[in-house]
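K.L.:
Kindly produce the complete structure, drawing on both the sequences and the hints.
The listed protein sequences derive, respectively, from chains A and B.
Residues in the first sequence are numbered from 1 upward in steps of one, following full-length UniProt numbering.
Residues in the second sequence are numbered from 1 upward in steps of one, following full-length UniProt numbering.
The hints are all genuine.
The list that follows gives simulated cross-link-like pairs (lysine-lysine, DSSO-like), each with its CA atoms no further than 27 angstroms apart:
1) Lys349(A) x Lys35(B)
2) Lys211(A) x Lys152(A)
3) Lys212(A) x Lys4(B)
4) Lys4(B) x Lys211(A)
5) Lys4(B) x Lys221(A)
6) Lys125(B) x Lys176(A)
7) Lys216(A) x Lys149(A)
8) Lys4(B) x Lys349(A)
9) Lys4(B) x Lys178(A)
These are calculated hints, taken from the structure and not from any lab test.
These figures come from a predicted structure and were not determined experimentally.
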Amino acid sequence: MIKRDLVIVGGGPAGLSAAKVALDAGMSVTLIERFNQLGGQLIKQTHKFFGSQLQYAKTRGFDIARILIDDLKGYDDQLEILLDATCVGFYPDKVLTVYQYGKYMKYLGGSVIIATGASEKVLAFENNDLPGIYGAGAIQTLMNIYGIKPGKEVVMVGSGNIGLIVSYQLIQAGVKVKALVEAASTIGGYLVHASKLKRLGVGFLMNTTVKKAIGKDHLEKVVTVKLDDRWQEIPGSESEIDADVLCISVGLSPLHQLLSMAGAHMLDVSELGGLVPKKTCDYETSIDHVYACGDVTGIEEASSAMVEGRICGLMAANHLGFKHPEAQSLEDDLNNQLCVLRQGPCGEKIRCGLKKVGEIYD
Amino acid sequence: MIEKTAVASKEMVRSRFPKDKDVLFRPKAIIECYKEIPCNPCETSCPFHAITIGEDINAIPQIDFDKCTGCGICVHSCPGLAIMVAMIKNGKAYFKVPYELLPIPLVGERWLAVNRNGDVISDCKIEQVMPGRKSTNTTTVVTVSLEQPYLYDFVTIRRPGDE
Ligand SMILES: Cc1cc2nc3c(=O)[nH]c(=O)nc-3n(C[C@H](O)[C@H](O)[C@H](O)COP(=O)(O)OP(=O)(O)OC[C@H]3O[C@@H](n4cnc5c(N)ncnc54)[C@H](O)[C@@H]3O)c2cc1C
Ligand code: SF4
Ligand code: SF4
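P.N.:
Structure, rendered in structure tokens:
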């Protein structure tokens, strides 16, 4: 069994940020990431990010990942990074099982931070397993990590920020976006993203969903259907769109499995995307010295994931008696950053959800 | 309505331009960021402090046209591609717009002028191209000219031949 002051699962913006602060506080840290590079969702994002300067606004996502990864240089004697390593087991005594290159390893953390992010939701319709039907994350990985175009003509489902951004990236890659289908009557994501698509000639089909996919060996046509205001299909309103790619972007749900497995107290909070851990305002879950941050505690933004990660790193250190040189000022500053990020109308849903899990109060 | 169509109404667009058209004899930034989002690079990038969002970064950016020099720095800083610079000169409308597609236009070419609904409204002349640079993480900004009556309609350019 390998013992560390802190084990972090997930090398996205939340996990990377937590590592940096914990290292500065003097902890020995193991960072476990199942992909072959660090950065989480950020490495697929070619657009400039929102937020304020404190969270690297107007920097492109993959550049933010690089900044966060570079921040971890120079801690060789304190930090161990495991890539291609999946945490497959997590137990209440803070033991973790890690699978890497055909071998299982056991880790014991004085503290553990779970920052596993989220997974994509799927959509049920006839033939939804035809080749050519992807989740938005898969399309981004193909295009922006491997440089492969997913096809020629795409129908996008979902007008949240991810659907809007991936549509834009598809157009940048030279793929035609035939239509953007949205079941609700209003656009879900930021209007500036939607306007960018509209001026490029993308049609928005509101109150519409996908009824079925048609194709022999590969997607050929998408059948859409109109919905009434109670989200019921309107008979006879079907129409066909020729497309070889259907991209589904209907939301994310937190990757809660490790926390559930360890027996952390979980709550189903729709505003946060599904099952999330109950937390104290110190980001500690119901298990002592186990913390969670980023999308696994509620679907939000990289900006807030980074700030939450830093707070978690700080708390994990504090509670084990490691002193970060700027602990108090850092804590105040980080809490203030989160307040600012969440105080507008976009943050309303999050604020409501976080009250339910105990992270924030009225 | 904009929540359903992603197209700003004529009144919304007008509200972002100076009330007095003569102000546009000098270049001014037109900020089309109509909804509150947690974002403020426009404010922090403007060297002349012409844009104000304030402490609550969700507030909608406000511009002071007296301070704006039309330098265009906010155009390539805005992650929402929501800012352009407009000017009127010799009866023509000039715009600096962000452009993130390939190929990048060449100076002197004639491209299509497109409105907020995505329709072609006219053609336009490519006057200047400032390629985005990786080192400074900037977006390519293209200056175009077209007939003045399209002042409130134009929003972006499209390569001729791309429907
Ligand atoms: C298309 C798109 C556009 C976006 N645009 C913006 C934007 O403009 N601004 C913004 O602020 N945010 C944006 N976001 C959101 C942002 O990317 C996420 O909120 C953020 O990445 C969450 O960070 P995280 O660290 O919690 O999770 P992630 O980035 O998802 O990282 C989690 C990491 O954990 C790893 N992992 C999971 N399970 C295990 C396991 N069992 N063992 C080992 N490793 C594991 C994963 O491989 C992953 O690398 C966007 C997201 C998408 C998809
Ligand atoms: S054009 Fe220049 S001066 Fe005007 S608001 Fe933008 S950055 Fe400021
Ligand atoms: S930078 Fe752009 S998207 Fe962000 S607030 Fe300013 S105008 Fe809006």
